[in-house]
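Asker: Generate the whole structure from the sequences, applying the supplied hints.
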Amino acid sequence: MQKRVVFRSRLLPYLLVLPQIAITVIFFFWPSYQALESSFFIEDAFGFSREWVGLTNYFELFKDPGYLKSFRTSLIFGISVAFLAMAISLGLAVAANRVVKAATGYRTLLIWPYAVAPALAGVIWYFLMNPSLGIVSYWLSGVGVEWNHYVNGDQALFLVIVAAAWKQVSYNFLFFLAGLQSIPKSMIEAAAIDRAGPVRRFWTIVFPLLTPTTFFLLVVNLVYAFFDTFALIHATTEGGPVDATSILVFRVYNTGFIGQDYGSSAAQSVILMGLVIAMTFVQFRYVERKVQY
Amino acid sequence: MVENRPFLTFLTHAVLILGVVFLCFPVWMALVASTHGPEALSRSPIPMWFGGQMWENYSQLLAGGLPEAGGVPIGRMMFNSLIMALCITFGKIAISIISAYAIVYFRFPFRMGFFWMIFITLMLPVEVRILPTYDVVVKMGMLNTYAGLTVPLIASATATFLFRQFFLTIPDELVEAARIDRAGPLRFFWDILLPLSRTNIAALFIILFIFGWNQYLWPFLITSDEGLYTVVMGIQRMVNSGESLPVWHYIMGTAVLAMIPPVLVVVAMQKLFVKGLVESEK
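Residue numbers (my numbering), protein chains in the order written: chain A, 1 to 293; chain W, 1001 to 1282.
Check each hint, because a few of them may be wrong.
[Unchecked claim] Looking from chain A toward chain W, a few residues come up when the C-beta cut is under 10 Å (computed):
#1 V17
#2 V25
#3 I42
#4 L120
#5 E238
#6 P241
#7 V242
#8 G256
[Stated by the list, open to error] Okay, derived cross-link-like pairs now, DSSO-like style, lysine-lysine, Cα gap no bigger than 27 Å in a straight line:
#9 A:K101 - W:K1271
#10 A:K185 - W:K1139
#11 A:K185 - A:K101
#12 A:K101 - W:K1275
#13 A:K185 - W:K1271
#14 A:K3 - W:K1271
Quick caveat, the hints were computed from the structure, so don't treat them as lab data. On a predicted model such as this, the values are computed, not experimentally measured, just so you know. For each residue, glycine too, the CB sits at the ideal point set by N, CA and C.
Answerer: This is the structure:
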């Protein structure tokens, strides 16, 4: 945790941590405290007066069908994105791990989408699936699917799921590949000598040994789907049609900036913070276990 | 390879090629669309091969701008993105490396308290505390400034951890040797620690540059002055332009321009990027 040999100075260490701590306090702690505080008040639209209401904002939220629906949407969205992005990238990583020739070439072609902003990923898929001129919706109409995400909420949700998963595949791919490469070759060879085929070897040896990676990626992907995809949704469907793609983060923004309901927006922020804290906690519990591995 | 199975080898390549197609196809279509005029993109199916308008489209975007995006040239937006990305990157690296240095190499009251304060910021992403953070920036008069765009995003728990982790692996003998040679803490930091951290700094640079360049929500809130728009967030104005139909050939051109710098960084510095990504998540 700490060095045996250290420097002695009274003032210097404080000066060194000062910039980081100052920014943390001003832009992280203070606003978070504000969110917590204003979640207990109801404020009029002009900010002239406010009234202490205790937990009313929270109770209101859980009575609001719109909010409960947003919870459901986020859950469907998060789980679908995580599953899709992880399944695709696991398949690709297993394949890439087998390839000897052209391995670097494949890797380069598979990792670059990491650098594409979620907003751009969303806009491009929005274009591909545009009902009147998107190429994918044209193909879909060829097989008899009537595609119009401007009207159909399920299709809009599907669209943002595909775009969000598309962007996340590269990230998962790199971690799965690193996980696969750390599995000792001798284990696979021993199983092969015992006449276990490739499929059997994958499910009985490789996949169990990848559990830590999979679990880590699950948390990261859920956090990504819940928070980082705000841009993707805001730049494309804007939560619509009729709130079909309005995930929790989007709702915090919508209630606060568009609806000007500060108390409710703050209460939603606090709930989301609780969610992030829980997920971070789970992730660090897991990291500790990995150390003992 | 454990055994020779031709069919499996074939399957492996098929899977990889399918994956590459899935990942590249959308961007291919964006590239193609950005080289056509509005007529080609007005009826389905749209062309899948390049048109002849590449030069006109891109020069119009880079220099002229679009009325839908407030008439700002995309070149200007990209310049703003670059400033924002570089300020965030260097800011994060600078304040993280010095705070990690203080936490590892000094013993002082509240040392662990500071460490935990930095740690907790991991749990407070900007998306969940949008409104109050926006209020703070308004009160400090930083709306529509580069400072407002960058300073609130500069604190970094991840970078601090990475440097702390790295410093802990540096042998104590180095410090002892430096002290015998009568080097003070600042001298040690500047002449020994900083050069040793070069690879880590470079790896972090890639990750943080992409993070900074791809910011969306924050510039969207902080800038109302078109001259300060960044390109990733400016594209939104073109897509949701209200009454008029979106001009897809320009939007796709903007998307391509907006992804070129970060994609180039990743592809050009692939090894460092992989190292930085895998290590910063530990």
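Asker: Does each hint hold? Answer for all of them.
Answerer: Going through the hints against the structure:
Interface hint status for V17 (chain A): upheld, as the beta-carbon distance to the closest one in chain W is roughly 4 Å, under 10 Å. Interface restraint check: V25 (chain A) against chain W, minimum CB-CB distance 8 Å, threshold 10 Å, status holds. Hint status for I42 (chain A): violated, given a least beta-carbon distance of 15 Å to chain W, over 10 Å. Interface restraint check for L120 (chain A): the shortest CB-CB distance to chain W comes to about 5 Å, inside 10 Å, so the restraint holds.
A distance limit of 10 Å between C-beta atoms decides the matter here; for E238 (chain A) the minimum to chain W is near 6 Å, and the interface restraint holds. Taking 10 Å as the C-beta contact cut-off toward chain W, the hint placing P241 (chain A) at the interface is violated, the least distance being around 13 Å. Interface hint status for V242 (chain A): violated, as the beta-carbon distance to the closest one in chain W is roughly 17 Å, over 10 Å. Because the smallest distance between the Cβ of G256 (chain A) and any Cβ of chain W comes to about 4 Å, under 10 Å, the interface hint for this residue holds.
Pair hint K101 (chain A) plus K1271 (chain W) holds up; C-alpha atoms about 18 Å apart against a cutoff of 27 Å. With a CA separation close to 59 Å, the supplied pair K185 (chain A) and K1139 (chain W) exceeds the 27 Å bound. Annotation: proposed proximity of K185 (chain A) to K101 (chain A) holds, straight-line Cα distance about 18 Å (limit 27 Å). Pair hint K101 (chain A) plus K1275 (chain W) holds up; C-alpha atoms about 22 Å apart against a cutoff of 27 Å.
In summary, the hint linking K185 (chain A) to K1271 (chain W) is supported, as the alpha carbons are separated by about 23 Å, within the 27 Å threshold. Taking the CA atoms of K3 (chain A) and K1271 (chain W), the gap is about 30 Å. The hint is violated against a cut of 27 Å.
Violation of the numbered hints given earlier is confined to hints 3, 6, 7, 10 and 14; the remaining hints are satisfied by the structure.
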